[in-house]
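One letter stands for each residue in the lines below.
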Amino acid sequence: MPFLVRRVLYSLFLLAGVSILTFVLVDLAPGEFFDEMRLNPRISKETIAGLRSNYGLDLPLPLRYLRWLRSVAKGECGFSFSYNSPAAPIVWRRAQNTLLLTGTATLFAWLIAIPFGIWSAAKPGKWSDLFAGGTLSILLAIPELILGLLLLLLALRSGYFPVGGATSLNFPQLDFWSKSKDLARHLFLPCLCLTAGLFPLLLSHVRASMTVVLESPFIAAARAHGIPRRRLLLRHALPAAANPLISLFGLSLGALLSSSLVIEGLFGWPGLGQLFIEAILQRDFYLVVDAAVLATIFLIFGNLLADALLYTLDPRIRDD
Amino acid sequence: MLEACHLRKHYVQGRWYSRRQFHVTALDDVNLTIEPGSTLALVGESGAGKSTLGRCLSRLEEPDSGEIRIDGRNLWTLRPEELLAARRNIQLIFQDSAMAMNHRFSAAEIVEEPLLIQKSMSRTKRRKQALTLMEQVGISSQWAQRSALEFSGGERQRLAIARALTLKPRVLILDEALASLDFETQEQIAKLLLDLQASFSLAYFFITHDFRLAARMANRIAVMWKGRIVESGSVPAIFSEARHPSTRLLLAAAPDAQDDALARIPREH
Numbered sequence: 001m002p003f004l005v006r007r008v009l010y011s012l013f014l015l016a017g018v019s020i021l022t023f024v025l026v027d028l029a030p031g032e033f034f035d036e037m038r039l040n041p042r043i044s045k046e047t048i049a050g051l052r053s054n055y056g057l058d059l060p061l062p063l064r065y066l067r068w069l070r071s072v073a074k075g076e077c078g079f080s081f082s083y084n085s086p087a088a089p090i091v092w093r094r095a096q097n098t099l100l101l102t103g104t105a106t107l108f109a110w111l112i113a114i115p116f117g118i119w120s121a122a123k124p125g126k127w128s129d130l131f132a133g134g135t136l137s138i139l140l141a142i143p144e145l146i147l148g149l150l151l152l153l154l155a156l157r158s159g160y161f162p163v164g165g166a167t168s169l170n171f172p173q174l175d176f177w178s179k180s181k182d183l184a185r186h187l188f189l190p191c192l193c194l195t196a197g198l199f200p201l202l203l204s205h206v207r208a209s210m211t212v213v214l215e216s217p218f219i220a221a222a223r224a225h226g227i228p229r230r231r232l233l234l235r236h237a238l239p240a241a242a243n244p245l246i247s248l249f250g251l252s253l254g255a256l257l258s259s260s261l262v263i264e265g266l267f268g269w270p271g272l273g274q275l276f277i278e279a280i281l282q283r284d285f286y287l288v289v290d291a292a293v294l295a296t297i298f299l300i301f302g303n304l305l306a307d308a309l310l311y312t313l314d315p316r317i318r319d320d
Numbered sequence: 001m002l003e004a005c006h007l008r009k010h011y012v013q014g015r016w017y018s019r020r021q022f023h024v025t026a027l028d029d030v031n032l033t034i035e036p037g038s039t040l041a042l043v044g045e046s047g048a049g050k051s052t053l054g055r056c057l058s059r060l061e062e063p064d065s066g067e068i069r070i071d072g073r074n075l076w077t078l079r080p081e082e083l084l085a086a087r088r089n090i091q092l093i094f095q096d097s098a099m100a101m102n103h104r105f106s107a108a109e110i111v112e113e114p115l116l117i118q119k120s121m122s123r124t125k126r127r128k129q130a131l132t133l134m135e136q137v138g139i140s141s142q143w144a145q146r147s148a149l150e151f152s153g154g155e156r157q158r159l160a161i162a163r164a165l166t167l168k169p170r171v172l173i174l175d176e177a178l179a180s181l182d183f184e185t186q187e188q189i190a191k192l193l194l195d196l197q198a199s200f201s202l203a204y205f206f207i208t209h210d211f212r213l214a215a216r217m218a219n220r221i222a223v224m225w226k227g228r229i230v231e232s233g234s235v236p237a238i239f240s241e242a243r244h245p246s247t248r249l250l251l252a253a254a255p256d257a258q259d260d261a262l263a264r265i266p267r268e269h
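In order, the protein sequence lines correspond to chains A and B. Residue numbers for the first sequence follow my numbering, beginning at 1 and rising by one. Residue numbers for the second sequence follow my numbering, beginning at 1 and rising by one.
Mixed in with the good hints there might be a few duds.
[What the hints assert, rightly or not] Quick list of the computed label-pair ranges, beta carbon to beta carbon:
1) A:I142 x B:D182: 55 to 63 angstroms
2) B:K226 x A:L130: 35 to 43 angstroms
3) A:T135 x B:S122: 40 to 48 angstroms
Rather than coming from a laboratory, the hints here were simulated on the basis of the structure. From a predicted model like this one, the values you see are computed outputs, not experimental measurements. We treat Cβ as the ideally placed atom computed from N, Cα and C, and that holds for glycine.
With the hints as constraints, model all of the structure from the sequences given.
So, in structure tokens, the structure goes:
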């Protein structure tokens, strides 16, 4: 069976497993959405029982799972009790916000980390390397939360950057350019914070794998043949160092939906993270399941993409 | 043409958590001259500093003191464009050429790559020259698209030679280039090297631990021991008048080398 087909099948299998497990675990968690109504003496037991059977909560778990699968097929992905609407549009709107934030941050972190990593690996012991090492240690040592709070303080004092939300109040009335500008200004601080968290990790990986490759004999041979430094680094060393980086890239794609939980809360970014926490606190069953499954889909998809990239780029992986 | 004068190289090994240091004197006042079109073999036991000398001569490593001169000019004080020209003239071949090649490149790409330094040459011309060279070292140009991994050890060594020859160098530094090959392949490559020497008028600096190969390839032999050149001379002279104990030891390790050498005495130097 072709490599990719097998990987996709395996991914689907994994997805089914995760969704079942999430279903069971969320169900095992004590309490449910209607518990608060039970405390209200003016709502009768019969009303609550009616609501529960309305939403299908009185059915056994396997049956509810099948009904959920059917609604996934219809594109509704279950029903949110607190929003009183199908879950899919709610989750998807929030996921888009999260993706905008984490996607931008991940992109920037990679764009800075690759040249910086190559540069510092190319000149070990030189000031660029020391600078990279220093930046790395400092950024790694500062927790995202502290950095976020510092940035918020700065925003508050300077007044240039908004301190919360994704858009201004008058957003719908703006034209396209002002809309983009407004969004960018809101995006800047949380994005900076996430980039600062991701960048040192990527930098250290790029640097480490480049260093290993630069020490290998074929680089020495190329150097002895007089291959120019630029070509040596970009054409010889970088492709050879790419494998672990591609895997890391897949992981960083996978983390797109889950990496910004804290930052979203801190900056009041209306993303999936906040929705997820709300949904857990309110026992909004299908929202929790959907958010968890969506995060899993991203993780699996990221890894799948990395595998496919490795498969096309490195012939050694193909011979199975 | 390529000279080393009073070369010294000293390595210090240590760990940051320990005050213990190991000192290794790799090169200790080394002097030698490689004449155009001839072969100088450097023989010595492992750890004698042979490879360090080869790496210093090809400017992969910087000696602590002393000078390396090419055509009378110091290799370490050349201006960038002069250095580029000098580098073309000195090419290096390693023992393990599988490790010395980028596995992602095809055979033709490997051979033609040094030509990239000359930016004036067109793509098709580069490729043509690479294919000609491959044929010259005995590798069919039909195999141009194969990756380096798909060749046998001997074929890879031929490829490495072709790559080294692309820039039409005057000196090839062969660092144990035949050591990892079986006897028969060794013979073939040695013959190829001697043929190429005649047709390209190359000078070889032939680093080996094997006196038999040194006698087969060289006009002159220098013997290295603990970073010093303890003995040097023409091949028959070394065989008949060797005095230094390490030379005797190495000679004893290659008993039939003497016969080979004596049979080949007419070879001029």
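Structure-based check of each hint:
no., hint, in the structure
1, A:I142 x B:D182: 55 to 63 angstroms, "59 angstroms, holds"
2, B:K226 x A:L130: 35 to 43 angstroms, "37 angstroms, holds"
3, A:T135 x B:S122: 40 to 48 angstroms, "44 angstroms, holds"
This entry satisfies every hint, going by the numbered hints stated previously.
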